[in-house]
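Undergrad: Heads up: the sequence lines are chains A and B, in that order. Our numbering puts the first residue of the first sequence at 1293, with every later residue one more than the last. Our numbering puts the first residue of the second sequence at 6, with every later residue one more than the last.
These are calculated hints, taken from the structure and not from any lab test. Each hint can be trusted.
Looking from chain B toward chain A, a few residues come up when the C-beta cut is under 10 Å (computed): (1) ARG57; (2) CYS60; (3) PRO75; (4) TYR77; (5) ASP88; (6) GLU102; (7) SER104; (8) ASP105.
Just so it is clear, CB atoms sit at the ideal spot from N, CA and C, and this is done for glycine as well.
So the chains spell out like this:
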Amino acid sequence: MKYKRLQHYPHVDGTHYGPALLPYTQAIYELLRRRLNKAFFQIGLSVEITGDILRYIAQGKLQWRHVFPQMSFVGVTTLGIALIVSTFAAMVIALQVATEMARQGASSYVGALVSLAMLRELGPIMTAVAVVAMAGSAYTAELSTMQITKQIDALRVLHVDPIRYLIMPRVVAAVLAMPLLTIITCTSGIVGGMAISQWLADIPWYTFLDSVWQQTEPKDIWTALFKSAIFGYTISILSTTIGLSTQGGAKEVGTATTRAVVWCFVSVALMDYFITFLVYGSE
Amino acid sequence: MNPSAPVLIDVSNLTKAYGGRIVLDDISIQVHEGEVLAIIGTSGCGKSTLLRLMCGLDTPDAGDIHLYDPNYSMVFQYSALFDSLTVFENVAFSLMEESDDAPKGGPLKPKLSDPEIIALVKEKLHLVGLDGIEMRYPNELSGGMQKRVSFARAIVSNPRIIFYDEPTAGLDPIASTVIENYILTLRDQLGAASVVVTHQHSTIHRTADRVCLLHGGQVRWLGTPDELEVSDNPYALQFATSSLIGPMTGDLV
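Next comes chain A alone, as it looks inside the complex (with noise of 0.2 Å):
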């Protein structure tokens, strides 16, 4: 009975799969089917470019020249947006606990509490929201272009491999910038939460500052630091191989910088939760 039901339905690509699936989860199972493999794909396209890319590092083949230009790039585009999220957030969280945390006599927490979410989580993640809509999604728009009118061909052609003269510089550039913004974006944070707290709570801004030094460990900037530089490298491999894997034509390139996007999000999304379970879930 089910096997004559499936006959009303096209398949989904011409491929039988027997009569025991109904054809809506049949459809669904071949949905999934083709995402796993794409992400199967891009990671394992990435790791090997990864591996290109530790290899030329390892032979010397870094060129600097190419690499300042896109350091330039990433922080140029990226800064402005960094702050102002990164310092709006910071202000956000002092504007919600300053004044209660005051009316409680816990005013000398309050820039603790600014500077550990700022160090341990909004520097990064802020940093990185801004790092993948400027400078992510360029990336791949740039690369699936170069893909799709054969200019990436024109490399090969000429002998130059495109992952050491395209990828490379943007990965490296990426993994060098970030911690560079995040250290940017992190002390914008806890300045900004500082002038909310003194203008909403009356908190001083030696009190404020104080508590940031007393409660701020090495580890949480060292952890930010580091978190940022994964988020970098997470961010640059992603979008430039998804870019250097475009098929098509203008409609592809759109497709292929919304799919960089969104996976550059999530991936950045479990690598901020593994790194975090790594640092601090013993404590």
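Chain A is already provided as a structure; the job is to place chain B on it using the hints.
TA: Only chain B this time, still in chain A's reference frame:
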């Protein structure tokens, strides 16, 4: 063409399929030093696929491809210029960037000084009739000019093997003649082996030493341009006369 000249391109039993459709089926071709081979055929017959396989942009499903000189280059159908670089940087690209597939015997190209690179780039741009545009970007040029820049980029390192994908398509007759002349110049001066994918009768007759007609994934006819005009092979006859009657019509109408 000298048939005793060494073979620079050797393609044997090449097969390639995309999504179950066989595009090239057991193709074997040799191109000698100082020879220009034109590959012709209807659209979608696998000409560009063959070219991509020959220059390593794609991998065959079966068969072998040997290039007996590592210094090869390609002129793309739609120029494929790097749009974030100037014309000068495009043409000088292979001279300024390190090669990643240099043979073990040494670098693919000699290391040139900056003045030498500038002089060479200006010389090649002059050869294709494009003086004084070094600092312009590709999107500031017409399609024909982009094509000529692409040609200058391909020949800047004096390659021994050159692949041309529709080198004169979209060019005015004078620019076409310039490109055709330069294909012959490279052949005569450097002994370059050239493979030209083209539909243009003028390009076939002015440049080719031999013509290879592809259809249905197979070589249907191979001969000189003059023989193409008088051949009674049904494929060659239909192509030469642009007739709607013949074995290749099924794909077109």
